[in-house]
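Visitor: So the sequences go chain by chain: A and B. Numbering follows the numbering used here, with no gaps: position 239 of the first sequence is 239. Quick note: to get the numbering used here, add 1000 to the position in the second sequence (first position is 1).
Worth flagging that the hints you see were computed from the coordinates, not collected in a lab. Where a beta carbon is used, it is the ideal one built from N, C-alpha and C, also for glycine. Hints may contain errors.
Unchecked claim - Below 27 Å or equal to it, Euclidean Cα-Cα: the simulated DSS-like pairs (lysine-lysine) are:
(1) B:Lys-1049 to A:Lys-442
(2) A:Lys-450 to A:Lys-429
(3) A:Lys-143 to A:Lys-109
(4) A:Lys-435 to A:Lys-422
(5) B:Lys-1028 to B:Lys-1002
(6) A:Lys-392 to A:Lys-422
(7) A:Lys-348 to A:Lys-392
(8) A:Lys-423 to B:Lys-1049
(9) A:Lys-392 to A:Lys-423
(10) A:Lys-450 to A:Lys-435
(11) B:Lys-1049 to A:Lys-422
(12) A:Lys-271 to A:Lys-295
(13) A:Lys-194 to A:Lys-143
(14) A:Lys-435 to B:Lys-1049
(15) A:Lys-429 to B:Lys-1049
Unchecked claim - Far from chain B, some chain A residues (derived; all Cβ distances over 12 Å):
(16) Gly-135
(17) Asn-263
(18) Arg-446
As the list claims (entries may be wrong) - So these bits of chain A aren't anywhere near chain B, every CB distance computed over 10 Å:
(19) Ile-147
(20) Phe-245
(21) Gly-385
So you can see what is in the structure, the chains are spelled out below.
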Amino acid sequence: MHLKRVLLLVAIISLVASIGMPAASAAAPYEAYTYDYYGDSSPLPAPYVPDAAITGESLGVGDFKEPSDMFVAPDKSTYILDSGNARIIVLDTEMHVSRVIKTFTNNGKEDGFAAPQGLFVSDKNELYVADTDHGRVVVLSEKGELIRIIDNPKSDILPAEFKFVPLKVTVDAADRVFVISRGVFEGIMQFDDKNNFMGYVGTINVSPSVWQRLWKSLSTKAQKAQMQLFIPTEFSNVDIDSKGFVYATAIDISSDTPIKRLNPSGDDVLKRLGYWAVKGDIRFRMFGNNSGPSKFTDIKVLDGGMYVALDSNRARLFTYNDEGDLLYAFGGRGNQLGVFNTPVAVEKIGDKLAVLDSGKKNIVIFRPTRFGTLVRQATTEHYNGNDDVAVKMWSDVLHLNTNYEIAYLGIGKSLLMQKDNKKAMEYFKLGMSRKNFSVAYKRYRREVLKEQFGTFMTIALTLILAFIAYRIVRLVIRRRAVKHEAGLS
Amino acid sequence: MKQDFLKFPLHLIVRPFDGFWDMKYEGKGKLKVALLILLALILTTILQKQFAGFLVNMVDPRSLNSLDDLEFTILPFLLFCIANWSITTLMEGEGKFKEIVMATGYALLPIVLINLPMTFVSRFMTQEETAFYYLLNSISSLWFIVLLFVGIMTVHQYTPAKTVLTMALTVVAMGFVVFIATLAFSLGSQLYWFIYDVYREIIFRT
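So here's chain B without its partners, still in its complex pose:
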């Protein structure tokens, strides 16, 4: 229990090459843990928007919506995983979908670990000290990107150059997915309204 939920993720974020290898080949990663980290990230985002100190909290309180935070964290996460899986399947990646989800999930851990405490520390900061808040937030994001890079590289057994390429292609593929989803949604709604109109025409006929 402690091994899965605490020791391994913490080991992974400081020794990413080792950690991701163990995750893939030694079966140390758990999908449950990765999803739990995602949940913690959502919680972090919500708490950060709600409770970060006044000096660093630029969010308009009237626009706070936890459901939005939920979907805007889960959707990009899934989008990335699906897009990455689609691309890497075509490009001889060795990773399974589950491994991609796990690698992405574990990579998110530094954001949770740094941003959550910083949210509360930020309440005790003056304007001059907020620089540290922003610095640490940037470090957590950078750390996430590095971990994601190493994770994807290890999971698919790619060279660094190929990882960069697939990452770029993943972003393009994410765009495609969004485009097609919007298209499908718009067509679907038009179809819905068409059928609804026909239905109304029929019931209003006397």
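Chain A with its partners taken away, still in its complex shape:
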């Protein structure tokens, strides 16, 4: 009887305790993951959880209509390009509407936008709008006054009937404008601060496969005319980092390099040192629902060398570090808060992420979890060279997720710096990095050899001496035996 009561009490207490527990895992309607060394997706705690959704209604400016782009300016105000309504909504740091830009004065006349697709705010707070259907890029000042208009680019390398249809735009510190234009396969169009067309950067090379070449060489002229052209894919979006490198995404399903980081001369310098290609999902179904490789529609450079790319195919966000390791991927399609319908743009607001969903006509704000914050901070510290600070964070990350290879690598690298080679070896082994393990092992082996050199040489010399002594003794005994047999002794 007594025992029963105790049991009942325990049951009640555990029930109450479970009510009191925060349902942290239930907050995210998606499962975060990364790819491990063997290419399997390994689940992670959610790095971000959805916080709130902002709609045009909730802002009090009427519903968005096909919103196409979003930008968070250096002063933390958010610009939303409401394409269908041909307006730009500017939010202050508290996410309240500070103003709506619908028109601007052009040569004394009222002028507006037509289905604009791209938006950028430079460090000088100048607003660049890719005014797509008008075929121009409009540059407005902070107050909404017209500064300049880039249209009708003239150049020897452009055909006479060239139609300028800007889609996305980004600007570097020297006011050079990078424009992705529809129907332009040569690369990203680059304009100087005087609106002159300077040329293309970041041409995507086409390399037909052996099979395609063989097939083409076997077909007739009429067949060739029917064939799909081997043209490079277009870029889908651009962003720029603080050092002036342009990050560009391309929707190229056959490529392993849909994300590029272009240096000023237009070469791709993205580091791809991770176990897997920087292309979003590396495992996916080939046919049917949810199939095919990731198609990136937006990219945003975060701090600490990280960047997040938005996959419109499966509506996921992929965050990479500067070396091309996938830190985490999350998101998905659906109707709940935190999953998307047609995500078109991703932005960073402080330590939060915001995703603009054209289909749901809203912006979802994601708040980092403890795991996400730790990973981000550790990556940033490592990127800045503060490895000893990073190690503590990586250890905390490992408390939250013991299967996180990048954390093991991070700790291993810093142990290597501190010359703790044996421990570094252990961590590199857990992080599955053979290259780093080899470096640590080489140092460790040299250390051990140096330490043990005396012992080793003593043993070796003793053995050699013993062997020589043995041979001499044997020789003497044999000679004696021979002499004995001969009857000489």
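Keeping the supplied structure of chain A fixed, place chain B upon it in accordance with the hints.
Guide: For chain B alone, coordinates are given in the frame of chain A:
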């Protein structure tokens, strides 16, 4: 004892023409020894997958299965011997089945002798030195192929050209055996399920 298990196999792998001749005509080979070498090879494979150094061990530890290693060594071995015997019987080969098994078994010795120590040496290698590991492993495989070639040639008293031909045909025959075995297995399982279904139909009738 020492003669059979140590001296003769070691003599054979360095003097294959002489060694295989002695094996066939002087009765120096022992089936027991050949099978022991096969067993040692299985052990080598298992140890290599388990204990080779991290830098050269690309095996996913979750996929380690010693029983798999056992069957994937014994089955190809038997398959080769059976296929080779079938082909050479039709092509005037002089070898008996036992001699084929012995020749194949003895030919495997270099793989055991090189890979087993290399497994442990590999634990003390850096990335740059792993080239030696791969080099020695390739040498052991090449050595095996040469020994197998000489062994089959001597056992059947073939010319080199004919040996190459029978080897190629052996590979084809191995394919046939696998195909027929799969076919038989699939038919057998269908038959089994058919009978099982009939049995279930009967017992569920009330």
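Visitor: Determine for every hint whether it applies to the structure shown.
Guide: Against the structure, the hints come out as follows:
no.: 1; hint: B:Lys-1049 to A:Lys-442; result: holds, 23 Å
no.: 2; hint: A:Lys-450 to A:Lys-429; result: holds, 24 Å
no.: 3; hint: A:Lys-143 to A:Lys-109; result: holds, 17 Å
no.: 4; hint: A:Lys-435 to A:Lys-422; result: holds, 15 Å
no.: 5; hint: B:Lys-1028 to B:Lys-1002; result: holds, 12 Å
no.: 6; hint: A:Lys-392 to A:Lys-422; result: holds, 19 Å
no.: 7; hint: A:Lys-348 to A:Lys-392; result: holds, 25 Å
no.: 8; hint: A:Lys-423 to B:Lys-1049; result: holds, 24 Å
no.: 9; hint: A:Lys-392 to A:Lys-423; result: holds, 15 Å
no.: 10; hint: A:Lys-450 to A:Lys-435; result: holds, 23 Å
no.: 11; hint: B:Lys-1049 to A:Lys-422; result: holds, 23 Å
no.: 12; hint: A:Lys-271 to A:Lys-295; result: holds, 20 Å
no.: 13; hint: A:Lys-194 to A:Lys-143; result: holds, 21 Å
no.: 14; hint: A:Lys-435 to B:Lys-1049; result: holds, 20 Å
no.: 15; hint: A:Lys-429 to B:Lys-1049; result: holds, 16 Å
no.: 16; hint: Gly-135; result: holds, 55 Å
no.: 17; hint: Asn-263; result: holds, 30 Å
no.: 18; hint: Arg-446; result: violated, 10 Å
no.: 19; hint: Ile-147; result: holds, 56 Å
no.: 20; hint: Phe-245; result: holds, 31 Å
no.: 21; hint: Gly-385; result: holds, 25 Å
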